[in-house]
Amino acid sequence: MQTMHPGTIQLEGDATSGRAYVSEFGRFRDGRLHSNYAVYHDRYQRTPDGWKFAERVYEVRYLDTTPLAGSAPRATEAPTENESSANGRR
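Take the sequence shown: its position 70, counted from the start at 1, is 70 in UniProt numbering, and no numbers get skipped.
In case anyone wonders, no lab produced these hints; they're calculated from the structure. Watch out, some of these pointers could steer you wrong.
To be verified - List of simulated lysine to aspartate or glutamate pairs, EDC-like, C-alpha gap at most 16 Å:
| id | residue 1 | residue 2 |
| --- | --- | --- |
| 1 | K52 | D14 |
| 2 | K52 | D42 |
| 3 | K52 | E24 |
Put together the whole structure using the sequences plus the hints.
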C-alpha cells in the first residue's frame, strides 16, 4: 500500500520540478515484507498536451524489512454499523 503526502512544486516556466513524499508497506513477490518512507524527485515539462513527467527519481529515505505485525481483517471482522458511525464513517 502506498500513501502520498503533500509535496512541493517549484514553478520555473515550461520546465519545472517538484517533490512528493510517500510512505508504503507491502510484500515483494518473493514473500519479503517491507515498510519504507521515500521521496519522488520529479521534473515536469509543459507540452502542447499539458504537463508531463520529464524525469522521476525514487529516493528511499527509510527502509525496514522487519516482518509486519498483524493481518488484514476478515470480512466477518468488519466494523458494525454503530462502530462505523462512531468513527464518522457510513
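Structure-based check of each hint:
no. : hint         : result
1   : K52 with D14 : holds (11 Å)
2   : K52 with D42 : holds (10 Å)
3   : K52 with E24 : violated (24 Å)
In summary, the structure is inconsistent with hint 3 from the numbered list given earlier, while agreeing with all the others.
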